[in-house]
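Participant: Residue numbers (the numbering used here), protein chains in the order written: chain S, 1 to 207; chain R, 1001 to 1207; chain H, 2001 to 2220; chain C, 3001 to 3220.
Hints are supplied without guarantee of correctness; some may be wrong.
What the hints assert, rightly or not - Within a straight-line C-alpha distance of at most 35 Å, the following computed DSBU-like cross-link-like pairs (lysine-lysine) qualify: (1) 2117(H) x 1068(R); (2) 2095(H) x 1022(R); (3) 3117(C) x 68(S); (4) 1022(R) x 1038(R); (5) 2080(H) x 2123(H); (6) 3159(C) x 2095(H); (7) 3064(C) x 22(S); (8) 3080(C) x 3095(C); (9) 76(S) x 3064(C); (10) 76(S) x 3123(C); (11) 2123(H) x 1076(R); (12) 3095(C) x 3064(C); (13) 1022(R) x 134(S); (14) 1022(R) x 2117(H); (15) 3159(C) x 38(S); (16) 3095(C) x 134(S); (17) 2064(H) x 22(S); (18) 2064(H) x 3159(C); (19) 22(S) x 134(S).
Claimed, not checked - Listed next, the stretches of chain C that the computed footprint assigns to chain H, with coverage defined by at least 3 CB atoms under 8 Å from CB atoms of chain H: (20) 3145 to 3158; (21) 3199 to 3212.
Claimed, not checked - Taking CB as the label site, the calculated pair distances span: (22) 2125(H) x 1055(R): 32 to 42 Å; (23) 109(S) x 3138(C): 13 to 23 Å; (24) 109(S) x 3199(C): 17 to 27 Å; (25) 161(S) x 3134(C): 20 to 30 Å; (26) 1051(R) x 159(S): 56 to 66 Å.
Everything labelled a hint here was simulated from the structure, so no lab data went into it.
Being a predicted model, the structure only gives us computed values, none of them experimental.
Every residue gets a Cβ at the ideal spot worked out from N, C-alpha and C, and that includes glycine.
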Amino acid sequence: MNNNDGLGKSDGEPHTHDPSEKGAARRVQALEEVAIAKGLVDPQALDEIIEYYERETGPRNGASVVAKAWVEPDYKTWLLGNGTEAINHLGFSGFQGEHIKVVENTHEVHNVVVCTLCSCYPWPVLGLAPSWYKSSAYRSRVVREPRSVLSEFGLEVPDEVRVEVWDSTAEVRYLVLPQRPPGTNDLTEAELAGLVTRNGMIGTALV
Amino acid sequence: MNNNDGLGKSDGEPHTHDPSEKGAARRVQALEEVAIAKGLVDPQALDEIIEYYERETGPRNGASVVAKAWVEPDYKTWLLGNGTEAINHLGFSGFQGEHIKVVENTHEVHNVVVCTLCSCYPWPVLGLAPSWYKSSAYRSRVVREPRSVLSEFGLEVPDEVRVEVWDSTAEVRYLVLPQRPPGTNDLTEAELAGLVTRNGMIGTALV
Amino acid sequence: MDGIHDMGGMHGFGRIPIEDDYVFDSDWQRRSFALAEALAPITPFGTDEHRQAIERIPPSDYLKLDYFEKWAVATESLLKQAGHISQDELDVGAKLFHADVGDRSPVTGPELVQAMKQGVPLKFPDDSQPQRFSEGDVVLVSSESPYLHTRLPRYVRGKTGLVASAEGVFAFPDAAVGGVGAPRQHCYTVAFSSETLWGREAEPNEVIHLDLWESYLEPA
Amino acid sequence: MDGIHDMGGMHGFGRIPIEDDYVFDSDWQRRSFALAEALAPITPFGTDEHRQAIERIPPSDYLKLDYFEKWAVATESLLKQAGHISQDELDVGAKLFHADVGDRSPVTGPELVQAMKQGVPLKFPDDSQPQRFSEGDVVLVSSESPYLHTRLPRYVRGKTGLVASAEGVFAFPDAAVGGVGAPRQHCYTVAFSSETLWGREAEPNEVIHLDLWESYLEPA
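Starting from the given sequences, assemble the full structure and let the hints guide the process.
Facilitator: Dropping the structure here:
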């Protein structure tokens, strides 16, 4: 089957920002001003929330989890058996990460994560989701034609490798444990963490 | 069940025209100019097509069919048995009316017509479809909650009257034969035709 | 195609815009309609192709554009697909190259109106194809949702209905635009109870009828 | 709710916008995110209510608006629903009346960040509810599509899957926002083959997993 026939599929939603963004900025500003004026929100809290998510969450957290699993077999076993505990152990926890399941890529299986209904994502280990993860195209297509989607990311998964898709429809959040790249025996855990990409932990890239 | 809870249902798509209409007018003008310049279309033909549909099709045709069925039992039998033939007999035929089925409202049954996939409609007897018939709201809701939709049209169908919905998904087009209003025994066929409304023949109104 | 056009049963579209009671509200709508009708024979394209082109409009545009603007978008796209016009021409509103339409020429107004009054033959003899189902048969609707054009709405897929009538043999649109299935098939009016389609929240005492081609149905 | 948000398996949305690789592209997106987080405790609203408010954005807007503009629309709508702000206030960007928030007060930044780091308890003891299914059970997914909020996507309704694991007891979102079903239920990871979901056109050798509450499942 070839769905990439260029008919209809090439003309997706616009990817660039349109003039309505000015309206969005005004809308959010009005909401903030009203909420502050009415004493519903502490203005400083907004800055602190943003700072927390931008500084303390993000893919570097997930990368350190992955690197540790690559170098410590016991940790890997723990991580795959009880992802939440093993991740909490490294100090990562919080909203949208209360229950994390780690799914392992192997020579037989490639995993990829999505949330078709909204855009659930494991915040403590990956930060907030990138824009494309929240796009209608990704949400609609990755459960129906994951190989075709992965191919757009430059990742051709051979037919003999099973693709496992994880649609985050309830409270469990998913993190992909990528395969350790060959030729990395000499690297330290920190150097290994440096190789791990966010897309590698969503499943839209290898590492 | 009450779906009219005002949550989400009241904020539908905008019903009024937006500034993009200017873009639409320009778009169609460009298409027309190019098609004419390239000899693909006879400009006079466009006027003649429009004139044909605006003058020679329309609900008055359907109304005369209905009125005849009200006064001539044999014609009514024919109309319900072979709608296309009986309608052709009155001189109404053509695109989107090659196969017409007439469905009769009674004390036990109320019929209503829709096309959920596009907006199929029996052109020769009703003309082109009104805008609301083509709306996302009508198309999405009338197969799921016809009573609620009819209620918005001011038509409360008692639970003991079965609602029959006809979704025009193939080549058959549907025309509702409304019930003849009481107290019309003295009216001529032409006068009766004057009572028959387009919505009455779609099923979103009584006559 | 599981597209945005397949909206039967979807929630969220709000109240019916009953006040939009017009056929045409602007002259450009009339022109768009007439252009589609006049350009169909010369391009050529049929109703199924035009519908498919509308269905392929990106969903956010599909919901935003006026009905007749969608018609114009579809007509443009079919003309471009046929190689008769280019986007550049549409952008500037002028001819930039000669369109090779073979031995076809624009159809005149009287010829078009004559054809519109006559209609096009859509039905084939009842005995021209084997007929699998009859009135009263209980049928299960296919769960297939092809990427190409189909006239099987999502809201009845996998549901059980009753054949209310056999409507005769018609061209199968899915096959006509390149999908699978016999090119001519019997088509049936199938009745579904509201409970079958909508479960616990169904309104009482309702029957929903759809006209479904034989390929879409299996014995239940 | 069979809303536009339930888009798993839909066709027509085009290529993945891979180049949109940012979390925030503008400062107003940061503010919108932070406002939702900061206003949740005082309004109060939870994740399920906020999701539902997003799902109720009219479909044409849903497809057009930026993700964080949808968050702002949902936050506004929950604040209005709670009676804490009015549309007039949002229109003028100023306070017009006193909001009665009872004994709640704005949560400070450090408190909010502390809560965010801790997370919220979502799981109840495994034995707190009867458990109907176990790993290896074959289950049939409900065909119900309630008007209210649900976490059961359309693309698995009526399909047969295999319980891959029992995930424990969680609050049931459908019940939380006023729908039917036990307020706390076991939730299961259910695996579906791509052929089961997509039929003839399925890509080969794929398994799609969803986490589904017990109410959504019947023994197959």
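Participant: Residue 2064(H) and residue 3159(C): Cα distance at most 35 Å?
Facilitator: The given pair, whose Cα atoms are some 33 Å apart, holds under the 35 Å limit.
Participant: Per the hint of 17 to 27 Å, is the separation of the Cβ atoms of residue 109(S) and residue 3199(C) within bounds?
Facilitator: 23 Å, holds
Participant: Is residue 3095(C) close enough to residue 3064(C), meaning Cα to Cα at most 35 Å?
Facilitator: Answer holds: residue 3095(C) to residue 3064(C) is near 29 Å, not above 35 Å.
Participant: Range first: 13 to 23 Å. Now tell me if the beta carbons of residue 109(S) and residue 3138(C) are that far apart.
Facilitator: The hinted range 13 to 23 Å holds for residue 109(S) and residue 3138(C), with Cβ atoms some 22 Å apart.
Participant: Can the restraint linking residue 3095(C) and residue 134(S) be considered satisfied, given a maximum Cα separation of 35 Å?
Facilitator: 33 Å, holds
Participant: Taken at face value, is the distance from the CA of residue 38(S) to the CA of residue 3159(C) at most 35 Å?
Facilitator: Distance ~49 Å between residue 3159(C) and residue 38(S) Cα, so the pair is violated.
Participant: Would you check chain H against the stretch 3199 to 3212 of chain C, counting CB to CB pairs closer than 8 Å, and say if three or more residues qualify?
Facilitator: holds (count 3)
Participant: Assess, step by step, whether the Cα of residue 76(S) is no farther than 35 Å from the Cα of residue 3123(C), and give holds or violated.
Facilitator: The hint holds at about 24 Å.
Participant: Has the given pair, residue 1022(R) with residue 134(S), been kept, meaning a C-alpha gap of at most 35 Å?
Facilitator: 32 Å, holds
Participant: Checking one constraint from the list: CA of residue 3159(C) to CA of residue 2095(H), max 35 Å. Satisfied?
Facilitator: 53 Å, violated
Participant: Assess, step by step, whether the Cα of residue 2064(H) is no farther than 35 Å from the Cα of residue 22(S), and give holds or violated.
Facilitator: Between residue 2064(H) and residue 22(S) the Cα gap is close to 19 Å, so the pair holds against 35 Å.
Participant: For residue 76(S) and residue 3064(C), compute the direct alpha-carbon distance and say whether it is at most 35 Å.
Facilitator: 42 Å, violated
The structure fails hints 6, 9, 15 (numbered hints given earlier, in ascending order).
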